[in-house]
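S.K.: Spelled out, the chains give:
Number of protein chains: 2
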Amino acid sequence: MSLKRILNPESVAIVGASKDETKRGFQAIRRLLEEKYEGQIFPVNPKESRILGLKCYAAITDIKDNVDLAYITTPAKTLPTILKACGEKGVAGVIVIAGGFGETGSEGKEREKKLIEEARKNNVRLIGPNTSGMINVHEKLNLVGFREPPRGNIALLCQSGNMALTLMTEASVKSFQGYTYYIGVGNEADIRFHEYLDFFSQDEKTKAILMYVEGMRDGRRFLQQAYKTTREKPIILLKSGRTTTGKKSAGSHTGALAGISEVAKTAFKRAGIIVIENPDELFSAAETLANLPPIKNNKVAILADGGGHATIAADILSDLGVEIPRLSEHTQNKLRQILPEAASVRNPVDVAGGTDSDPSVFAYCAKAILKDSDIGGLLIVGLFGGYSIRFAKSLELMEEDAAHMMGKLVRDGKKPIVLHSLYSSAKPHSLNLMRYYKIPVYDALNVACKSISVLAEYGNYLRRYKEKANFVLKWGSKSKPEGKDIIKNAIRENRRVLLETEAKRLLQIHGAPINKEILATTAGEAAAFAEKIGKDVVLKIVSPDILHKSDSGGVRLHLRKKKDIERAFKEIVQNARKYSPGADIRGVLVAPMAEDGVEVIIGTKNDAQFGPVIMFGLGGIMVEILKDVSFRVLPISTSAAKYMIEEIRSSSLLNGFRGIPPCDKKTLRRLLSICSDLIESYPEIEEMDLNPLILHEEGLSLVDARIILKENIPK
Amino acid sequence: MSLKRILNPESVAIVGASKDETKRGFQAIRRLLEEKYEGQIFPVNPKESRILGLKCYAAITDIKDNVDLAYITTPAKTLPTILKACGEKGVAGVIVIAGGFGETGSEGKEREKKLIEEARKNNVRLIGPNTSGMINVHEKLNLVGFREPPRGNIALLCQSGNMALTLMTEASVKSFQGYTYYIGVGNEADIRFHEYLDFFSQDEKTKAILMYVEGMRDGRRFLQQAYKTTREKPIILLKSGRTTTGKKSAGSHTGALAGISEVAKTAFKRAGIIVIENPDELFSAAETLANLPPIKNNKVAILADGGGHATIAADILSDLGVEIPRLSEHTQNKLRQILPEAASVRNPVDVAGGTDSDPSVFAYCAKAILKDSDIGGLLIVGLFGGYSIRFAKSLELMEEDAAHMMGKLVRDGKKPIVLHSLYSSAKPHSLNLMRYYKIPVYDALNVACKSISVLAEYGNYLRRYKEKANFVLKWGSKSKPEGKDIIKNAIRENRRVLLETEAKRLLQIHGAPINKEILATTAGEAAAFAEKIGKDVVLKIVSPDILHKSDSGGVRLHLRKKKDIERAFKEIVQNARKYSPGADIRGVLVAPMAEDGVEVIIGTKNDAQFGPVIMFGLGGIMVEILKDVSFRVLPISTSAAKYMIEEIRSSSLLNGFRGIPPCDKKTLRRLLSICSDLIESYPEIEEMDLNPLILHEEGLSLVDARIILKENIPK
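If you read the sequences in order, they're chains A and B. In terms of the working numbering, the first sequence is residues 1 to 715. In terms of the working numbering, the second sequence is residues 1001 to 1715.
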C-alpha cells in the first residue's frame, strides 16, 4: 500500500487534543492553524466540545468525514482502543509519539510487538512509536515542534528529533533551500526505511533524500530500495553509533539494532548512497546534490584568489579522491589573457590579484574553466562576495554581475559550481544571487570541498551502477539435487557442521575447483590413492564428532611412502578414538599436499541486518593481525568479486612479489561468485569458511572448507 | 637578538609612503592613524613633504628619532638602497611586501639569497618577502589589509594572507577571543618560524600559538623550539601541501620547500604540537587551548538533551581517541535525583526532557559530572542557549543562570567545559555569558568534539613529554676512534658506500649484536671458518666496485660441506671478475645463515627539512606493499624506539603468531637506539639500511647492512 494517504493526508485527527497550551495536543492544532494547513483538522477528546475554534469529537469514529491520518499524543496504554477505532474509521495511518517501547529494553520490545500486532489487525500503518512526528512542508502539515520548517526539495528521514532540528536550522541559516518532508522514523516498528524511500522516489518535489540513521530493522530491503532510488535521486546518509560508546548511546535512544558494521558502509556505497561521516557536512551535501548536476568524470578545477585556500582545497579534494587535472593549454591561454602575469593558470587557478579591482573577472575565469572539456565541475574558494565589504563598496555591482553570469553558466550548462566564501554568513547580495541560481555557498572550506566531491562521487556511481548487484537473493534458485541431499542428510543426522568432504563436494557441485581427493576407509586404500597420484599427501580424520582435527591428532602432512601412509592412517584413527571415544569415524581424507602459493580466505556469514555477507582477505597475519579484508552483501557477480579482491590493502601481493608468481585471480573471482551462488542456493547455511585457500599461478587449492547450518532447521 | 624591537616597535617608518589612496603606502599610514597606534609614524618618500598630516622624510636616514621597524612597500629593485639606509639608521627590522622572490622559481631564489645577504650585511632582520605584513594587535600596530583585527590571546603565524583573513573573520564572527599578533611569515627568507615561536613563548599576553604552514626552511630548529614552547603554551598547526596537487599549489605560493612528509606529522606531535587537518577546526582548537585547562586523564563526559547529538558526539570522540568512561555510581545517583526517570545517566548523559521546563538544570548536571574524579572535562551538546528561542521566552533567565553557574564552575575549577549549541550563531545572551567565562561555543558538532579532544591531546602530551626527545643532535659526541677511521678510510678511497664488513663493524663498535663472521681471502679460510662454527654459512663477495652482490653472482646460501664452500668461493670470485673486470675484490664474507625469525628493516636518511630521520618496519610485503612503517626524527631514546615499534599496524606480529615465538623486542629497541647514536656520531653518513634484519626469540641476526656517505665530503 502506498503511503500517500499518510504522508499527503487531506485530513488529520489529533487524538489527545487539548486546551492546555503546554500539551502537544494543543500545540499541534495551533501549529496547523498558524501555518495554514489546507486539509481538515479533527480534534479528538471526549472532554472537550471545541478547541481553538474547531469542533472536538469524543472519538475518532464520531467523525463523519474521511480521516487519512491520526496524530496520537496520548500515553501508550490508550493505544489499543485508539487503533481499534482508527481501524473502524478506515484511517490510513497513525503517528505514535509515546515512548516506552523498544528503546527501553526487553519489556518495551514486547509492548512494541503487541502494538504492531494491534495496528496490523486494524489495517492501520504506524509511524513511530517514540517519534518526534512528521511534516509535509509543501502542504503545511507540521506535526512537529519546530516552527516554519524551510521549504525546498530535500526529504528528511531522521531517527533523532534534535538532528532534524539541527538540519532544519542549518537550512534556514545557511541556505535558500529546504525540505519537502520530515519523517521522524522513531523506532521504525511498522513503516520501514525502505517504504519511505519508495515513496520519496516517486515524489516529484523531492530531489534528494537526507537520512540520519542510528539503526535499521531490515537492512536488506533498504539496500534493495536504495539501489533503485539512487538511479533517480541521490540519498545522503549519516550513520551514527559506529563506535562502542556510540552504539550504547544509540541503543538507549532508538531501541533499534544499533551499530551497523563496516559491512554497512560498503553496502550503502554499493547501493549508490552518499555516506557522510562528519555531521557538519550532511546538509550541505544534500543541498548540493539536490540542486546541481553530478560531475561526470571525477575531475574538478579550483579557482582561488589566494594561495592558502587553493592549497588546502587541493589537499582536501585529493584526499577525497577527486582529480584536479591540469587545464588544457587552450584554457590556460584564455586565462592568461584574463589574469595578470603572476597568476597560476594550471589548476588550482590563483588569480593573483586579478579580481581585486574587478571581481566580475571571476565569472570570465569560471566560463573559461568550465568550457575545458576535461573539467567536470568548479570549486571557487576565497573572498568572492566580500570584495565590496573588504575593499570598496563600488565593487558590489561587479560581484553581482559575476553572480548573474556564473548562475546562468550553471543553469544553462551541465556542470556545477560550488562556492566557498569567507563572507557567506554576512549574506551580501551577490551571494544571495548565487543561492538564487542554486549555487551553494559555504564559509567552511572543508564543507565546500566535501560538497563538490559528493557530486563527483554520485557521478562516478551513476557511470558504473550497472556493475553493482541489486541485493536481491533468489533463494534456492541455483540449488542442485545432490547439494540438497547433502544438506538434508546432515539435518537428518542432527549435524550442524558439514563434514569437510561434504563441504568440498557441495562446492565442487557448483563448479569450484577441488583437488582430487578420497575418503579412505582402510590404510591400504589411502596408500593406493597416494601412489596413484604420485605426490605427497595429507591425511585428515573425517568424523562428525571431531571438529578440531589437529587437536585430536587427526592430521598428518607430507606423506609419500606407503609404509608412512599406512602408519599415519592407523595412528589417526587411534588418536580419534582416544580423543573422542565412540566417535562416528567416517574415514580418513587423503588429499595431495597443496603446492606453494599465496594463502587467502573466503568466509560468509549471516549479518543480523543485511542477511548473508561474504568476506575475502589474505590469510595469516593479513586477516588476523591487520584485519585487511573486504566485505560484500551477497549476492555478488564476478565483477563485484574483482572489486572485492582489489579493495584489500595487500591486494597487489596477488600480482606477484619477491619471486612469488602472480596468482590466478580469474579462478579466485570465479570461486567468490560460486560461493555467492552456493549461499543463495541453500538458505539452510549459516556460515561458510574456505580457509586456507592457496592461490597458484594457475588454479588454486582449497585446503579446508567448513560449512555450518542454521540452528533449528526442521528435519 | 630578540625580535622585541621588531614586533613591539616604538616607531615605524613607512617606506614608499604615498598620497594615493589605492597605494599600500597610503593605506598603511591611514590604518595606523585610524586604529590609533601609539608609537611614532615616519612616512618616507622623497617626493612628498607631508602625508595625512605627518611630516614625510626623503630618506630613512633623515629621520632624527630612533626607528625600530621599517615597512617597505616599494618594488624589489629598490631594496638594496633601502636596506643600506636602514643599516645606517640602526633600524632593527624591515617588512618586505614585494614578491618576485623564491616563490617564482630559480631566478627568484637567487634574488632572495642576495636580498638576505644585503640584510645581514646591514645588520637588519627581515620579515618576508612576499608577506601580507604584520600586526601587533594590543599595540594597535596594524600593517596588514584587514580592519580592526580582534584582540585576544592567540598569536597567529601564517603563510597565507587569506588564511589569516579567514582566521581573523572566524574569531570576530564566532567568538569573543582574538589575537595578540599576526605575522605573515611569507617566504621565511630571514626570520624563521622558530624565532617567532621563541618570541611568543616569552610574550605574556600570548596563551596559544596558531600556525598555518605550507613549507618550512629549518624544520629541525623549529622542532627544537616547539619542544620547549609546548611545555608552556600550546601550538596549533595546520600543514597544507600534503598531497601532490596541494604541494604544487603551495610551491607556487610561498616558494618554500613545500610538502613536509608523513615524517613531519609524527615529529610535530612528538614536539607537543596539536596538528589539525581540517581547516574548519583550526581556530576553534586554538581558542579552546588558549582559554581552558588541558584535560589530565583523557576522559570526557557528554551531556546532551537529545540522543542524536549524544550518539554522534560519542562516535566522534571515540574516533579521536578520547575515552568516555561510565560515570561513578555516586555521580549517576546524583544525576538520577536531578533528572527524570527516562534519562540516561551513565555517559553520555541524556537529560530526556529534564531541562525542558528549566534549563538551569544543565548547570546542576554539569556540576555533578565534573565532580566525578574520573572525568577530566565536559562536552555539552544540543540546544542550550536556544530554550528561550525554541520553547518560551520565560526560560531565558534560567539559561543565563545556568551560564553563570557553569562559567564559575570552569573558572574556579580545573576542568574545562566546551559547548555545542545549535543556537550559537543566534548569539543569545546566555551564550554570550558562556563566552564571557571563556567557555567556547560552536554550532558545528564536529568542531566542538575536536575542540574538547585537543584539550585531552595536549594534556596527554604534558603528562608524558619527558619521554620525548628534544630533537637536539650532538654531532660526533658518541663517535669512536675506530669508527672514525672506517669512515675516513672510505673517504680517502673515494668511496661513498661502505663495504658490508665496514658497515657491520661500525654497528658492532657501537654495541650492535653482529653474528660472528669473517672476511675470507682464500677458499680454505672460508671452509675452515664454516667448520669451526659448525653451521650452514652464506658466502658474499666484498668489493667496493660491486654494490649489487646478488646480481653479480656474488652470493651463495646454505653451504656446509668443505667442498661446496671451496667451490662457491671460487665461483663467486670468478663471477665478480666477469661482472666487473678489474674490480677491487677485498675477499668473501663468510657468515652463519640466519636462523628463522621475523624479518624487519631499519633505515635512516637525511630529510631535507628535518635532517636525519629513522624508519622501522616489518620486512617484505609489510614495507613494500603495505608501507607499514614508522618514522622518527633522530635522535631517539630506547623508549622512543618502543613507541616506534608499537606504532606499526603489524606490530602485534612481534608478540608471536602461528607458531612463531615472540621476538626479542628489547634487543630491537637497543639496536634502534644504537642506530640513532651512530648517525649522531658520524655526520658524514647520508643514509643507512639494515635490511634484512631477522628477529629471533632471543637476539637478532643482521643479514645485510649498507651505509652511504654524503657527497662531497672533503678528504
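Hint data in this document are derived by calculation from the structure and do not stem from the laboratory. Check the hints yourself; a few may be wrong.
To be verified - Mimicking SDA-like on lysine to any residue, the simulated pairs with C-alpha atoms at most 25 angstroms apart in a straight line are:
1. K627(A) x E1624(B)
2. K1393(B) x V173(A)
3. K114(A) x A1342(B)
4. K1627(B) x R495(A)
5. K666(A) x I1621(B)
6. K1140(B) x K1438(B)
7. K4(A) x K228(A)
8. K265(A) x L1320(B)
9. K627(A) x S1630(B)
10. K535(A) x H558(A)
11. K427(A) x F1176(B)
12. K23(A) x E1341(B)
13. K1265(B) x I645(A)
14. K109(A) x E1341(B)
15. K140(A) x F1391(B)
16. K642(A) x I1621(B)
17. K1427(B) x E38(A)
18. K23(A) x R1390(B)
19. K549(A) x K1055(B)
20. K1023(B) x D358(A)
21. K710(A) x R495(A)
22. K1427(B) x E148(A)
23. K77(A) x K1140(B)
24. K64(A) x T104(A)
25. K1627(B) x K23(A)
26. K1334(B) x L1320(B)
27. K627(A) x E1341(B)
28. K1296(B) x K1140(B)
29. K1393(B) x R30(A)
30. K393(A) x F1146(B)
31. K1228(B) x G1611(B)
32. K535(A) x K710(A)
33. K36(A) x R1390(B)
34. K113(A) x A1342(B)
S.K.: Taking 25 angstroms as the top limit, are the C-alpha atoms of K64(A) and T104(A) close enough?
M.R.: Distance of about 38 angstroms is beyond 25 angstroms: violated.
S.K.: For the pair we were handed, K627(A) and S1630(B), check the Cα-Cα distance against 25 angstroms.
M.R.: Holds, because 19 angstroms separates the two Cα atoms, which is no more than 25 angstroms.
S.K.: Straight-line Cα separation of K1627(B) and R495(A) no greater than 25 angstroms?
M.R.: violated, 45 angstroms
S.K.: For a C-alpha distance cap of 25 angstroms, please report whether K1140(B) and K1438(B) respect it.
M.R.: holds, 23 angstroms
S.K.: If you draw a straight line from the CA of K627(A) to the CA of E1341(B), is it 25 angstroms or shorter?
M.R.: violated, 42 angstroms
S.K.: Take a quick look at whether K1627(B) and K23(A) sit within 25 angstroms of each other, Cα to Cα.
M.R.: Outside the cut-off at roughly 61 angstroms; violated.
S.K.: Regarding the pair K23(A) and R1390(B), is the alpha-carbon distance no greater than 25 angstroms?
M.R.: Answer holds: K23(A) to R1390(B) is near 15 angstroms, not above 25 angstroms.
S.K.: Has the given pair, K627(A) with E1624(B), been kept, meaning a C-alpha gap of at most 25 angstroms?
M.R.: holds, 18 angstroms
S.K.: Next pair to validate is K1427(B) with E38(A); report whether the Cα-Cα distance is within 25 angstroms.
M.R.: violated, 35 angstroms
S.K.: Given the hint that K1393(B) pairs with V173(A), test it: the Cα-Cα distance must not exceed 25 angstroms.
M.R.: Distance ~21 angstroms between K1393(B) and V173(A) Cα, so the pair holds.
S.K.: Starting from K710(A), check that the Cα of R495(A) is at most 25 angstroms away, please.
M.R.: holds, 10 angstroms
S.K.: Regarding the pair K265(A) and L1320(B), is the alpha-carbon distance no greater than 25 angstroms?
M.R.: holds, 19 angstroms
Hints 4, 13, 17, 19, 23, 24, 25, 26, 27, 28, 32 from the list above are not met by this structure, while the remaining hints are.
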